[in-house]
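Whenever a hint applies, use it, and build me the whole structure from the sequences.
2 protein chains.
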Amino acid sequence: MNVDGKQIINGVSATTGTEFFYAVERVKGNRLDTRFFNASKADIDMAVTVAQQAFEVTRRKSGLEKALFLEAIASELEKAGPQIVEMACLETALPTARIEGELLRTVNQARLFAKLVRDGNWVEAKIDTGDPDRKPAPRPDIRSMQRPVGPIAVFGASNFPLAFSAAGGDTVSAIAAGCPVIFKAHPGHPATSEIVTRAILAAAYATGMPAAYFSLLQGDKAEVGIALTNSVGIKAIAFTGSNRVGRLIFNAAAARPEPIPVFAEMGSSNPVFLLPQAMAERYEAIAAAYTNALTLGVGQFCTNPGMLIHESTGAQERFYENLINNINAAQGGVMLTDAIAHAYAKGVAGRHANEALELLAQGELPQDEQLQVPALFKTNLNTFLEQPQLEEELFGPSAIVVAARSKAEMINFAEGLSGHLTATVHGTEDELILYKPLLEILETKVGRLIINGYPTGVEVVEPMVHGGPYPATSDARTTSVGTGAIYRFTRPVCYQGMPQALLPDELKDGNPLGIWRSINGQFENTSISK
Amino acid sequence: MNVDGKQIINGVSATTGTEFFYAVERVKGNRLDTRFFNASKADIDMAVTVAQQAFEVTRRKSGLEKALFLEAIASELEKAGPQIVEMACLETALPTARIEGELLRTVNQARLFAKLVRDGNWVEAKIDTGDPDRKPAPRPDIRSMQRPVGPIAVFGASNFPLAFSAAGGDTVSAIAAGCPVIFKAHPGHPATSEIVTRAILAAAYATGMPAAYFSLLQGDKAEVGIALTNSVGIKAIAFTGSNRVGRLIFNAAAARPEPIPVFAEMGSSNPVFLLPQAMAERYEAIAAAYTNALTLGVGQFCTNPGMLIHESTGAQERFYENLINNINAAQGGVMLTDAIAHAYAKGVAGRHANEALELLAQGELPQDEQLQVPALFKTNLNTFLEQPQLEEELFGPSAIVVAARSKAEMINFAEGLSGHLTATVHGTEDELILYKPLLEILETKVGRLIINGYPTGVEVVEPMVHGGPYPATSDARTTSVGTGAIYRFTRPVCYQGMPQALLPDELKDGNPLGIWRSINGQFENTSISK
Chain A
661 MNVDGKQIIN GVSATTGTEF FYAVERVKGN RLDTRFFNAS KADIDMAVTV AQQAFEVTRR
721 KSGLEKALFL EAIASELEKA GPQIVEMACL ETALPTARIE GELLRTVNQA RLFAKLVRDG
781 NWVEAKIDTG DPDRKPAPRP DIRSMQRPVG PIAVFGASNF PLAFSAAGGD TVSAIAAGCP
841 VIFKAHPGHP ATSEIVTRAI LAAAYATGMP AAYFSLLQGD KAEVGIALTN SVGIKAIAFT
901 GSNRVGRLIF NAAAARPEPI PVFAEMGSSN PVFLLPQAMA ERYEAIAAAY TNALTLGVGQ
961 FCTNPGMLIH ESTGAQERFY ENLINNINAA QGGVMLTDAI AHAYAKGVAG RHANEALELL
1021 AQGELPQDEQ LQVPALFKTN LNTFLEQPQL EEELFGPSAI VVAARSKAEM INFAEGLSGH
1081 LTATVHGTED ELILYKPLLE ILETKVGRLI INGYPTGVEV VEPMVHGGPY PATSDARTTS
1141 VGTGAIYRFT RPVCYQGMPQ ALLPDELKDG NPLGIWRSIN GQFENTSISK
Chain B
661 MNVDGKQIIN GVSATTGTEF FYAVERVKGN RLDTRFFNAS KADIDMAVTV AQQAFEVTRR
721 KSGLEKALFL EAIASELEKA GPQIVEMACL ETALPTARIE GELLRTVNQA RLFAKLVRDG
781 NWVEAKIDTG DPDRKPAPRP DIRSMQRPVG PIAVFGASNF PLAFSAAGGD TVSAIAAGCP
841 VIFKAHPGHP ATSEIVTRAI LAAAYATGMP AAYFSLLQGD KAEVGIALTN SVGIKAIAFT
901 GSNRVGRLIF NAAAARPEPI PVFAEMGSSN PVFLLPQAMA ERYEAIAAAY TNALTLGVGQ
961 FCTNPGMLIH ESTGAQERFY ENLINNINAA QGGVMLTDAI AHAYAKGVAG RHANEALELL
1021 AQGELPQDEQ LQVPALFKTN LNTFLEQPQL EEELFGPSAI VVAARSKAEM INFAEGLSGH
1081 LTATVHGTED ELILYKPLLE ILETKVGRLI INGYPTGVEV VEPMVHGGPY PATSDARTTS
1141 VGTGAIYRFT RPVCYQGMPQ ALLPDELKDG NPLGIWRSIN GQFENTSISK
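Residue numbers (this note's numbering), protein chains in the order written: chain A, 661 to 1190; chain B, 661 to 1190.
It is worth saying that the hints were derived from the structure and are not from the lab.
Fair warning: there could be bad hints in the mix.
Same chains, same label: a pair holds when it works inside one copy or across any pair of copies.
[Claimed, not checked] Subject to a maximum C-alpha distance of 27 Å in a straight line, what follows is the list of computed DSS-like cross-link-like pairs (lysine-lysine):
1. Lys1096 to Lys1038
2. Lys881 to Lys701
3. Lys739 to Lys775
4. Lys795 to Lys775
5. Lys739 to Lys795
6. Lys1168 to Lys1096
7. Lys1038 to Lys1067
8. Lys688 to Lys1006
9. Lys1006 to Lys1038
10. Lys1067 to Lys1096
11. Lys881 to Lys1006
12. Lys688 to Lys881
Here is the structure:
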């Protein structure tokens, strides 16, 4: 396999860094042959410099040109599919079917943003044609639209080696905006990242895009990411990962002479609320589906439902019985990296040692130290309120069940929550109406409120919000999934009194792109006749 | 006049703070009678607590209810107009005609946001009706819209005692979003702020809104603002003022356990580019209009054009002659506060002392120490590149003219610029096309690009962008003028599988509000038939 372990900057594989690390065949624990070099300061500077140069080209690309590039990325990913899937499975221990599904999602994401920029409506074109007769002075012609901000640093996530990695949603939304990407690969899957980078570059070559529209940096040290964050030419950062690292990057970016926005998705524990009637009617199905959502992919999802709260009702014994049996029967799995497995094991040990938590169920303990198993604990509301750290995400297939004694306690619990990506409520249609106050509280706590479903499996559709109040993300006004993700990398630019010939096509009277625009306050997709 | 100098929290005038300061009759320098009390920590905590409670009400208000409140604010401001104008002129030394114009603008802003929320299209309703037949699992129904974030701290600006103050654009956009406002008055016009607060509260009372939708805090110490910034219940901050104070607030907000966004508009020096043919054809008119824009209101505008750059051409002598005569003849004026007058005098003295700057013209030096006069300096490109501090805003009617020897030098100058609110280019239609590369550079440096106009006089229209890259603002993705200002205070919330009865009206199939929505990727203002 064509992997050489260096940075890929401006289309060239090279490194001045000499420190290196190895990719690992995760299940067997064997090192792969290739050495991956930590990007040096010089490598980073070079990547940022060529990205700044490329921005002069990429910011002028039309929606159609960017769509062709994104579609070519999709095609190249499909072409390299078998190689990508094999390597991603090898590096992450995720099963083939999961990685194949993730590749499909990644390809679809690229095509979603291609469609977005091909349609062109996303630019938020707004036109006020002015008023030449206004007194004391005429009101000038004023028009505005979204324009790209500049080079973006994207940090790959460990748990989605494709969909939140080199060609993932952050990259394709930045490319769609017209922003060059400098991609810092996650050290958990450096070879996969390199193979995907070559697919992106083949697409750039095929569609006449500058090679520096996308560069790859490798590194298994925090220094690489911090140096990238501090690079003057970087205008925004997209990150998916832990709260600890996300906050580190956020702090560094805020302390720069020129602060830049950081869009960090830092996970959450995604509480699930189980209302009494739903529990009585569907305890078996919910126990099964909840176990599945919790243990799927060894629980390595940002949207993993790590908290479950219910009221004390007659059905709860049967629910617990099902849930405990399911968790006890659940298989363990190899986690994504040593560090993640270690953190999970430590977290579960902490829950075992916590006297306020009762162990309900734990998957079959394996012979293999690499394998981690689901673990379910129980507590009451008071403990939860006294130990706020219980609300923090434990990345992996462990959950805490909170037994509330009443509806009021359940609402208290919801009010005390900090920010999460999602909250889920299971209830019958009648009881959901009775629990409207609960839903109205949860709406202020999360980016996505799910009724009678499960938070895992984030659909890539226009209305999706994969975000939420801190600490789920560092900027609740944004999403990293769905078409809204593009606005992280754009800003509005206003043209006052600009001659028609010099306006962007999106703002010309003739509306040559045929896009929807707000013209003097009315949505129209027609031209302006004067 | 009914001014008692205390905080107004939850509709009640009271203070636990005991430190105080006085408002000043600016032109004469006399203290007004009323003492204004610095808000204590207890006052601030109380204001934030009641704002959090009010948010439970305000976030549920319909667009129509918020529109009625905003329209009532507009009417109450008109009713109190004479009193407001008198006090604002007294406190700021700004002339009556200017303040009357600013009041009209402030009233219009409130009505603009009333119209925005009455129409309701602003919420960015997006609907994906799902796919029950998708394999392996159905795609759920997913809908999203913008929702308010919570209590907002607004810091009043010195230079717009109405339009960027208590009932200014930040306040009315936050109210339109459904967010309670805690307003920290600028100590330069505390009495005006109190009178305007009473108008807002009269409107709240008349339209059944909670009194804590808007609270007033007074203070002439940085501690008041920092304590407000650090209050857990505050979810975002809007600020207009100096770079020094803006960055102080930004840093404090970023260092909070839960960081919050700060939308700081920190001014800029707004370069004006004068192309050769325009100079030859219109030197007299441009010299006159530029002088007017520079000296208007003693130059106390964020968009004041403090830099002018031109190429060496035959017409430049005549242009300079006109410009120098105009500036020499320009009147001085009393600046907004002692601190501002002192900073301006110090800045102009620094320019006098700078050997690389040549004094071209200075308004007639007054007898009165309070009066500050316009001052025009000249330098060349190299000096400008060597002394980056020359690019920083000097708040007041002083400008630096940069003589470029060629088109290339002018483009170099543009490339070296940091972020500004605006850039302006004067050119004939033909030469603007020749200078397209200049326009394309400037677009990356500013929020608004003005052709053959002047940056002062920010129109309150939908496409307006009053923002720009750092250091002009702390978040270039936003604007503080125009309808886009509302999105600083909202975030998208996504509802998955939500029953119709529990969805917000904006997202219901029947579209009871008749708003424009994106439904499965198509813009429509109709209902969804199933």
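Status of the hints after comparison with the structure:
| no. | hint | in the structure |
| --- | --- | --- |
| 1 | Lys1096 to Lys1038 | within (26 Å within a copy, 66 Å between copies) |
| 2 | Lys881 to Lys701 | within (12 Å within a copy, 43 Å between copies) |
| 3 | Lys739 to Lys775 | within (20 Å within a copy, 52 Å between copies) |
| 4 | Lys795 to Lys775 | between (44 Å within a copy, 23 Å between copies) |
| 5 | Lys739 to Lys795 | between (63 Å within a copy, 24 Å between copies) |
| 6 | Lys1168 to Lys1096 | between (47 Å within a copy, 16 Å between copies) |
| 7 | Lys1038 to Lys1067 | within (18 Å within a copy, 73 Å between copies) |
| 8 | Lys688 to Lys1006 | within (22 Å within a copy, 70 Å between copies) |
| 9 | Lys1006 to Lys1038 | within (18 Å within a copy, 66 Å between copies) |
| 10 | Lys1067 to Lys1096 | within (12 Å within a copy, 65 Å between copies) |
| 11 | Lys881 to Lys1006 | within (22 Å within a copy, 48 Å between copies) |
| 12 | Lys688 to Lys881 | within (24 Å within a copy, 63 Å between copies) |
Every hint from the earlier list agrees with this structure, and none is contradicted.
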